[in-house]
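Turn these sequences into a full structure, and let the hints steer you where they fit.
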Amino acid sequence: MKIEFEHRQAAHCESGVTANLLHHYGIDISEAMAFGIGAGLFFGYLPFIRVNKLPLTTFRCEVGGIFKRLTKRFGFQVRWQKFRDPQKAMDALDRKIAEGVPVGCRTGGYWLPYFPPAFRFHFNMHNLVVVGRENDHYIISDPVFPDLERCHRKDLIKARFAKGVMAPRGTMYYLTRVPEKVSFADAVRNGIRVVCRRMLHTPGPLMGVKGIRYLAKQVKKWPDKLGQRKASLYVTQLIRMQEELGTGGGGFRFMYAAFLQEAAQRLQIPGLQDLSDNMTVVGDRWREFAVIGARNCKGRAGDNDSYAAMARILMECADREEEIYRELLPVIR
Amino acid sequence: MIIDELNIEDVSPGDIKDEEPLFGKKLGLDSIDAVEIVFQVERTFGVAIKDMKEGRPALQSIHTLAAFIEKRLSQ
Numbered sequence: 001m002k003i004e005f006e007h008r009q010a011a012h013c014e015s016g017v018t019a020n021l022l023h024h025y026g027i028d029i030s031e032a033m034a035f036g037i038g039a040g041l042f043f044g045y046l047p048f049i050r051v052n053k054l055p056l057t058t059f060r061c062e063v064g065g066i067f068k069r070l071t072k073r074f075g076f077q078v079r080w081q082k083f084r085d086p087q088k089a090m091d092a093l094d095r096k097i098a099e100g101v102p103v104g105c106r107t108g109g110y111w112l113p114y115f116p117p118a119f120r121f122h123f124n125m126h127n128l129v130v131v132g133r134e135n136d137h138y139i140i141s142d143p144v145f146p147d148l149e150r151c152h153r154k155d156l157i158k159a160r161f162a163k164g165v166m167a168p169r170g171t172m173y174y175l176t177r178v179p180e181k182v183s184f185a186d187a188v189r190n191g192i193r194v195v196c197r198r199m200l201h202t203p204g205p206l207m208g209v210k211g212i213r214y215l216a217k218q219v220k221k222w223p224d225k226l227g228q229r230k231a232s233l234y235v236t237q238l239i240r241m242q243e244e245l246g247t248g249g250g251g252f253r254f255m256y257a258a259f260l261q262e263a264a265q266r267l268q269i270p271g272l273q274d275l276s277d278n279m280t281v282v283g284d285r286w287r288e289f290a291v292i293g294a295r296n297c298k299g300r301a302g303d304n305d306s307y308a309a310m311a312r313i314l315m316e317c318a319d320r321e322e323e324i325y326r327e328l329l330p331v332i333r
Numbered sequence: 001m002i003i004d005e006l007n008i009e010d011v012s013p014g015d016i017k018d019e020e021p022l023f024g025k026k027l028g029l030d031s032i033d034a035v036e037i038v039f040q041v042e043r044t045f046g047v048a049i050k051d052m053k054e055g056r057p058a059l060q061s062i063h064t065l066a067a068f069i070e071k072r073l074s075q
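As you go down the protein sequences, you meet chains H and X in turn.
Position one of the first sequence corresponds to residue 1 (this note's numbering), numbered consecutively onward.
Position one of the second sequence corresponds to residue 1 (this note's numbering), numbered consecutively onward.
Among these hints, one or two may not hold up.
Lysine-lysine pairs mimicking BS3-like chemistry, simulated, CA-CA at most 30 Å apart [what the hints assert, rightly or not]:
| no. | chain 1 | residue 1 | chain 2 | residue 2 |
| --- | --- | --- | --- | --- |
| 1 | X | Lys26 | H | Lys53 |
| 2 | H | Lys230 | X | Lys25 |
| 3 | X | Lys26 | H | Lys298 |
| 4 | X | Lys25 | H | Lys158 |
| 5 | H | Lys2 | H | Lys181 |
| 6 | H | Lys88 | H | Lys163 |
| 7 | H | Lys88 | H | Lys72 |
| 8 | X | Lys71 | X | Lys26 |
| 9 | X | Lys25 | X | Lys71 |
| 10 | H | Lys53 | H | Lys220 |
| 11 | H | Lys68 | H | Lys158 |
| 12 | H | Lys2 | H | Lys158 |
| 13 | H | Lys230 | H | Lys298 |
| 14 | X | Lys25 | H | Lys154 |
| 15 | H | Lys88 | H | Lys154 |
| 16 | H | Lys88 | H | Lys158 |
| 17 | H | Lys96 | H | Lys2 |
| 18 | X | Lys17 | H | Lys298 |
| 19 | H | Lys158 | H | Lys82 |
| 20 | H | Lys53 | H | Lys158 |
| 21 | X | Lys26 | H | Lys230 |
| 22 | H | Lys154 | H | Lys68 |
| 23 | H | Lys53 | X | Lys25 |
| 24 | H | Lys220 | H | Lys298 |
| 25 | H | Lys96 | H | Lys181 |
| 26 | H | Lys221 | H | Lys53 |
| 27 | H | Lys217 | H | Lys298 |
| 28 | H | Lys230 | H | Lys163 |
| 29 | H | Lys298 | X | Lys25 |
| 30 | X | Lys25 | H | Lys163 |
In short, the hints are calculated from the structure, not lab data.
In structure tokens:
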């Protein structure tokens, strides 16, 4: 059984899955637009949550938030299911596939055999769409890969029931009601408002632009506080969260810039294009931060590649981002 | 550029075959090195690789990277 499903490669798994699932049901939507309407952009430094024993830094909203906000805003109905028993989870998946319904699954990417070893590490928030089954293999539309992939049942079970932080527990989801028409104008404005509110006004020091500044202060202290080796591990984790985990690069800032550009054209809102350009500049600065971090991790840091230099770039990112969010709000009114 | 910027010891540019995988055992490169390669490609050639969607196929080998850069420069 193979569902006719157009696989489109994406930069990030959840926004890619969201766009591809909606596209399957006839909605003309890009990945960047799905990310923007789903208010995917965020920042949070959460040292009390550990991934691979290292602090979690997130550049995006909560897992599942993009899909939930976008489908709700457009009026889709979604069925979410979680399981304790892998057998029941696979049976439920098989039933939907047999009905011709593409099913989104949350997985631990480490266990998916088609991930190249060099890019494989434990990460339990990887989304994909199962679009068919042939004997013991499932046909997977994994948006971060160029083509459909195949995955053996035992590997998919391991991935759906990966253990550790944010274990997926067999989570699967599919659309049960599709609206006849959707309105992009309201959805875009709402998505932008949510991002601005969260980045500017989330309480506490760890999230939004305040979180970026907090992280900057921490990064500067890491070598003295943690020692060179551990500091280097912390930076490695940070870079991976920023550049690797299907972030679209620059901690999702490039993807958000693409969303603002598309929104400027689609909705003809003056001022959005300039803010898109500014967001690209911020993404470039985030990437420069990652490069200095990579040099430190790999022991090839030069005189200008200090932790203090990284902290300065982060402070600049926070200032530039704050300016963008403050300007965005009046532009979309 | 790759050998110099990534400080790869005991390997000269001539040792890397055009079709050989960039990431893996021989060069010992991993995804953190990819960040530096992406940065250096932009700085040296003015060609941006904004995300892993374009980065992953481009960074397979010297051949795919060169083809990607040439294609972008000709656009």
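Status of the hints after comparison with the structure:
no. : hint                   : in the structure
1   : X:Lys26 with H:Lys53   : holds (29 Å)
2   : H:Lys230 with X:Lys25  : holds (25 Å)
3   : X:Lys26 with H:Lys298  : holds (17 Å)
4   : X:Lys25 with H:Lys158  : holds (26 Å)
5   : H:Lys2 with H:Lys181   : holds (27 Å)
6   : H:Lys88 with H:Lys163  : holds (18 Å)
7   : H:Lys88 with H:Lys72   : holds (27 Å)
8   : X:Lys71 with X:Lys26   : holds (27 Å)
9   : X:Lys25 with X:Lys71   : holds (28 Å)
10  : H:Lys53 with H:Lys220  : holds (20 Å)
11  : H:Lys68 with H:Lys158  : holds (25 Å)
12  : H:Lys2 with H:Lys158   : holds (22 Å)
13  : H:Lys230 with H:Lys298 : holds (13 Å)
14  : X:Lys25 with H:Lys154  : holds (28 Å)
15  : H:Lys88 with H:Lys154  : holds (14 Å)
16  : H:Lys88 with H:Lys158  : holds (14 Å)
17  : H:Lys96 with H:Lys2    : holds (12 Å)
18  : X:Lys17 with H:Lys298  : holds (24 Å)
19  : H:Lys158 with H:Lys82  : holds (15 Å)
20  : H:Lys53 with H:Lys158  : holds (21 Å)
21  : X:Lys26 with H:Lys230  : holds (27 Å)
22  : H:Lys154 with H:Lys68  : holds (29 Å)
23  : H:Lys53 with X:Lys25   : holds (26 Å)
24  : H:Lys220 with H:Lys298 : holds (18 Å)
25  : H:Lys96 with H:Lys181  : holds (25 Å)
26  : H:Lys221 with H:Lys53  : holds (19 Å)
27  : H:Lys217 with H:Lys298 : holds (22 Å)
28  : H:Lys230 with H:Lys163 : holds (24 Å)
29  : H:Lys298 with X:Lys25  : holds (16 Å)
30  : X:Lys25 with H:Lys163  : holds (28 Å)
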